Amino acid sequence: MTIAEMFGGAAETPPLAPPRSAVSIVLWNDRRKQILRAAEGGRLVVVLKNAGVPLPAVCGGKGVCGTCKISLMREWADKVPPPEKREQRLLAHLKAVPGERLSCQITLTAELDGIEVCACD
Amino acid sequence: MTSVELLKQTDLERVGAAFTPAKMFAVRDMTRAVIHEIAAKCKPGMVEEAAVEMAREILASHGMVRGWHDVYVRFGTNTTKTFGAPSDPGIVLGEDDIFLIDIGPVWEQWEGDGGDTFVTGSDPEMARCAKDARTLFHLVRKKWEKESTTGKVLYDYATEAASQMGWQLNLDLSGHRLSEFPHAAIYDGPLATLDFTPSPLRWVLEIHIRHPTKPFGAFFEDMLLDDSYFA
Numbered sequence: 001m002t003i004a005e006m007f008g009g010a011a012e013t014p015p016l017a018p019p020r021s022a023v024s025i026v027l028w029n030d031r032r033k034q035i036l037r038a039a040e041g042g043r044l045v046v047v048l049k050n051a052g053v054p055l056p057a058v059c060g061g062k063g064v065c066g067t068c069k070i071s072l073m074r075e076w077a078d079k080v081p082p083p084e085k086r087e088q089r090l091l092a093h094l095k096a097v098p099g100e101r102l103s104c105q106i107t108l109t110a111e112l113d114g115i116e117v118c119a120c121d
Numbered sequence: 001m002t003s004v005e006l007l008k009q010t011d012l013e014r015v016g017a018a019f020t021p022a023k024m025f026a027v028r029d030m031t032r033a034v035i036h037e038i039a040a041k042c043k044p045g046m047v048e049e050a051a052v053e054m055a056r057e058i059l060a061s062h063g064m065v066r067g068w069h070d071v072y073v074r075f076g077t078n079t080t081k082t083f084g085a086p087s088d089p090g091i092v093l094g095e096d097d098i099f100l101i102d103i104g105p106v107w108e109q110w111e112g113d114g115g116d117t118f119v120t121g122s123d124p125e126m127a128r129c130a131k132d133a134r135t136l137f138h139l140v141r142k143k144w145e146k147e148s149t150t151g152k153v154l155y156d157y158a159t160e161a162a163s164q165m166g167w168q169l170n171l172d173l174s175g176h177r178l179s180e181f182p183h184a185a186i187y188d189g190p191l192a193t194l195d196f197t198p199s200p201l202r203w204v205l206e207i208h209i210r211h212p213t214k215p216f217g218a219f220f221e222d223m224l225l226d227d228s229y230f231a
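Quick mapping for you: the protein sequence lines, in order, are chains L and B.
The first sequence begins at 1 in my numbering and counts up one residue at a time.
The second sequence begins at 1 in my numbering and counts up one residue at a time.
These are computed hints drawn from the structure, not numbers from a lab.
Don't take each hint at face value.
Within a straight-line C-alpha distance of at most 30 Å, the following computed DSS-like cross-link-like pairs (lysine-lysine) qualify [unchecked claim]:
{"no.": "1", "chain 1": "B", "residue 1": "Lys143", "chain 2": "L", "residue 2": "Lys62"}
{"no.": "2", "chain 1": "L", "residue 1": "Lys62", "chain 2": "B", "residue 2": "Lys41"}
{"no.": "3", "chain 1": "L", "residue 1": "Lys85", "chain 2": "B", "residue 2": "Lys43"}
{"no.": "4", "chain 1": "B", "residue 1": "Lys8", "chain 2": "L", "residue 2": "Lys85"}
{"no.": "5", "chain 1": "B", "residue 1": "Lys143", "chain 2": "B", "residue 2": "Lys8"}
{"no.": "6", "chain 1": "B", "residue 1": "Lys23", "chain 2": "L", "residue 2": "Lys69"}
{"no.": "7", "chain 1": "L", "residue 1": "Lys95", "chain 2": "B", "residue 2": "Lys43"}
Predicted model only: the values in this text are computed from it and were never measured.
Taking the hints into account, I'd like the entire structure generated from these sequences.
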């Protein structure tokens, strides 16, 4: 099973499907900057795990374990749709600081092209 | 047991610095109590999605906001669904119905895991299914306790015993580690493939049975422990 399948996505784009736009993600990890590219509509946690970021994400993207928590750079935190009640409650429980989100709850859209993410924990 | 086998068992059963039996038993007690609290609030006419939300609220009220897996309350035909599979939406609990609960809460640093099945009304087959999931759990657990069997032998036995009872055992749910959070960092595989005797207080025994022709099933799970913990 691929990481995408584990998180409920398709293993690969069907051959006749129209190509999906790519979204770029700027990943800051251990003071290193890395540019990732991913198809629009995918989940951020999948892209980060595929890039080798050690996010356990043990609940499989259900938003209940909190082990895919990342930080969004300040200017991007407001552009991502706000967390729903369940995510809010878990983030509060985990004593998350502003800008921290569960990457399994972030869907990559065109509006998030260029999003800057820190996976420094 | 060869030294290689012993090393394998030691590796798969290792725990971290935060592991203590007292904490694991405390989470187990909380988990079992919450299951029954949730079950008591599942009433005919309730939609499954509302029951799941209610279950999350109850868990949160006991300080168990976090889980190592999602909260499952499954009604009626959804009781046949395997772990992680989405439920069919909008299923309403009937007057003569069956429902199961499967929760995997994290309390502070420690994982709990528990499941059980309940019925509304008086459908005899559903009542027997729920009862047999528990019975089978204890049959398998007692075999482990008395014969020190391997994980693989336990689930071979469970499959045969379920069949003799008239049920089909779902081997997608075939036991796993439990520890301080997250056990997946140690071992994320099934109990059913172990070629050694699992130690107490390290593993969860899962039993999910389905009716061979009708769309319902039952689930029971708890830690693999000896009789003294099931008084």
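Going through the hints against the structure:
no.: 1; hint: B:Lys143 - L:Lys62; in the structure: 35 Å, violated
no.: 2; hint: L:Lys62 - B:Lys41; in the structure: 24 Å, holds
no.: 3; hint: L:Lys85 - B:Lys43; in the structure: 25 Å, holds
no.: 4; hint: B:Lys8 - L:Lys85; in the structure: 42 Å, violated
no.: 5; hint: B:Lys143 - B:Lys8; in the structure: 22 Å, holds
no.: 6; hint: B:Lys23 - L:Lys69; in the structure: 26 Å, holds
no.: 7; hint: L:Lys95 - B:Lys43; in the structure: 35 Å, violated
Taken one by one, the earlier hints fail for this structure at numbers 1, 4 and 7, listed in ascending order.
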